[in-house]
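Take a look at the letters that make up each chain.
Protein chains: 2
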Amino acid sequence: MATRKDRAKETLRKIEGLAAGVVTQIQKGKNPRVEVPLRTLANVRFNAKRKIIELGGDKQERLFFNVAQAKKFMQTFLVAGACKELLEAGKTTSIRDLYYMTKHTLGDTKQNTFDEQVESDPIIEDLEVTVDALREELHLFANRKGLMVGPMTIVDSGDAIDLRRQGSGGWGVPSIVEPEVIAFGKTEAEYVLLVEKEAVWSRLNEDKYWRTHKCMLIHGGGQPPRGVRRLVQRMHTELKLPVYVLVDNDPWGFYIYSVVKQGSINLAYESMRMAVPSARFLGISSSDPGRYKIPENVSIKMDDTDHRRVKQMLDYPWFQKKEWRRELEGMVRTGRKYEIEALSRLGISYITEEYLPKKIRDKDWLE
Amino acid sequence: MATRKDRAKETLRKIEGLAAGVVTQIQKGKNPRVEVPLRTLANVRFNAKRKIIELGGDKQERLFFNVAQAKKFMQTFLVAGACKELLEAGKTTSIRDLYYMTKHTLGDTKQNTFDEQVESDPIIEDLEVTVDALREELHLFANRKGLMVGPMTIVDSGDAIDLRRQGSGGWGVPSIVEPEVIAFGKTEAEYVLLVEKEAVWSRLNEDKYWRTHKCMLIHGGGQPPRGVRRLVQRMHTELKLPVYVLVDNDPWGFYIYSVVKQGSINLAYESMRMAVPSARFLGISSSDPGRYKIPENVSIKMDDTDHRRVKQMLDYPWFQKKEWRRELEGMVRTGRKYEIEALSRLGISYITEEYLPKKIRDKDWLE
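Chains A and B, in that order, are what the protein sequence lines are.
The numbering used here applies: residue 706 is where the first sequence begins, and numbers increase by one.
The numbering used here applies: residue 706 is where the second sequence begins, and numbers increase by one.
Read the hints as simulated data drawn from the structure, not as lab findings.
Idealized CB from N, CA, C, for every residue including glycine.
Fair warning: there could be bad hints in the mix.
What follows is a set of in silico ranges between Cβ atoms, one per label pair, in the way DEER data are often shown [unchecked claim]: (1) LYS913(A) <-> ARG996(B): 48 to 54 Å; (2) VAL860(B) <-> PRO1062(A): 29 to 35 Å; (3) ASP1009(B) <-> PRO1062(A): 49 to 55 Å; (4) LEU717(A) <-> LYS710(B): 38 to 44 Å; (5) ILE970(A) <-> ASN971(B): 51 to 57 Å; (6) GLY812(B) <-> GLU1034(A): 31 to 37 Å; (7) LYS919(A) <-> ASN971(B): 37 to 43 Å; (8) GLU821(B) <-> PRO1062(A): 27 to 33 Å; (9) THR810(A) <-> ALA888(B): 49 to 55 Å; (10) ILE970(A) <-> GLY927(B): 25 to 31 Å; (11) ALA773(A) <-> GLU895(B): 52 to 58 Å; (12) GLU821(B) <-> ARG755(A): 41 to 47 Å; (13) LYS710(B) <-> GLY890(A): 40 to 46 Å.
Output of the computed footprint for chain B on chain A, the stretches with three or more beta carbons under 8 Å from beta carbons of chain B [as the list claims (entries may be wrong)]: (14) 796-809; (15) 832-838; (16) 992-1004.
Start from the sequences, fold in the hints, and give me the full structure.
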């Protein structure tokens, strides 16, 4: 396996290649340019065979001698330079730090290289796709959320951590979970259960659901951040663990499931290493209230934003599966949505003792 | 030390006492009532001797036979009943779960016991002050944020967790950190460093600042949640560790420091077990940009909301210390604020290798 140093060297080589290309253009008397793959909805497509959302082939030129593009051209190399510095020092930092590292005033002008982080973040993504290096490989981390426990020993930066003995706390899932940092040790886990919410995760952890049912229990605090998605994908591909997703019965919850399974528009260039095409939607499904006798007064009325979001999702080419449409149309028809916590109405531990075991036993999930 | 069961028994006794009081009133033919201490700004005062914000003695009556109060009266007992159920089952749950546990439709009406969680949350706080039991003692947890690493072994629900070997991940600080759940094992820590932001915490953890400088490194993801505040206070009082706070140089950062030190208006009834009156403000202080040569172009302009917040804070009786006013007035004078991450402009590891060690060596802090 490549060490962290090997991988840093490889990324450095890519960044230097980008710079060398520009130098060659200058020596030939050409207008220096970089070609940046387009990260737009129009340049995204669903790969039906691989079952993931992928980036298309459209690119955008970024020229140095071009009034509209010169600033972005400079910013691209500022960010690349800062990443080079991080890689050479063997350190990682946040994208907010990177913004500050690269921010300065140009000469005697009042012009700043960057005025806001909203300018540097897309440049990072541009750099990722341009040199084909992931954010993690550029030694940058995003804000993170998410905790994991379960029957596994994990080796994090050389520390062996027994996830069977994490008490009520849990191990915080880092943003960078590549094999050079995180390795899987001994495990008895038979599947991965990804839940949307921290409070639900805490309830399941208190009941030690993961011990009784031999699963890795992980949450992503809403839409899971890159670290959580990547770790789930690694457990799936490397350890052959099936992945189950438990989210709210609302458009946002179902969208989380779709992102875990197929990837997202935004990070389409990362689907290959983030998505788990066989991930299963466990609930809360639109048929659950009837099947599990969840009283209607614990439901929440769908509002305009919810309805608009469903409409938008039904328009995506990757939301055309019959079973998926039934879920979303079910919400529209009843005008009702249900949070996972609504199950508490049926008892504190109903979710751990009845709902989840029955769902899995009956293979009552969507794919 | 009291076990978890002992403490649950004690809380059950308090809840039953509340109910018994009402039964007695009924038997005497009186209008059933409960007296709830008022949690308002007017009923909060700064105890100059203890140096914490405390709740005053004002109370509000809640009567059963009173059109305006009957619903709240009922809600109080619904919540108390659900907590009793949790305590008897030896389980804990989220305040969102509790909302669903207690939500139902009244008889054949269209009236719900609770329509929204914003109705049940204040009732929980009412119950806390009325029966003098903390939320944690009622077996309820709030959403949590925050991670900790450092030279200490912690025992969480019987699991010994070595916080010296948590890799890049860290141990997630739970919401309930009372001694029955969390015990302190062997430690070499000499102080506690509470940082505002997760990204800064990750940077410090990567540089193993806590190992070189023998400190417990903890963050609260912005305004620290109850679990983090309580854990910091316990480390301070039980282990005699001084507490240092590192926040952004803006009104919100300084307010976080004030809450850690003196408590908050909202949770004034909890200050005794949350506040650390000797906590030290390490930075980013208004004099740092000059002293540490932080370039002005990494600062952010104070906006109207910032200015309004400063004005509000300067009006609080517990913000009258000269040094505190100088900090806030400094922000107003320069019209500039600085994030912790701005230090990255001076180098990736400037914060761990220069800024923090110098601050502590020079005793360059506020109290």
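Evaluation of the provided hints:
no. : hint                                  : verdict
1   : LYS913(A) <-> ARG996(B): 48 to 54 Å   : holds, 51 Å
2   : VAL860(B) <-> PRO1062(A): 29 to 35 Å  : holds, 30 Å
3   : ASP1009(B) <-> PRO1062(A): 49 to 55 Å : holds, 54 Å
4   : LEU717(A) <-> LYS710(B): 38 to 44 Å   : violated, 58 Å
5   : ILE970(A) <-> ASN971(B): 51 to 57 Å   : violated, 40 Å
6   : GLY812(B) <-> GLU1034(A): 31 to 37 Å  : holds, 33 Å
7   : LYS919(A) <-> ASN971(B): 37 to 43 Å   : holds, 42 Å
8   : GLU821(B) <-> PRO1062(A): 27 to 33 Å  : holds, 31 Å
9   : THR810(A) <-> ALA888(B): 49 to 55 Å   : holds, 52 Å
10  : ILE970(A) <-> GLY927(B): 25 to 31 Å   : holds, 29 Å
11  : ALA773(A) <-> GLU895(B): 52 to 58 Å   : holds, 55 Å
12  : GLU821(B) <-> ARG755(A): 41 to 47 Å   : holds, 43 Å
13  : LYS710(B) <-> GLY890(A): 40 to 46 Å   : violated, 35 Å
14  : 796-809                               : holds (count 12)
15  : 832-838                               : violated (count 0)
16  : 992-1004                              : holds (count 3)
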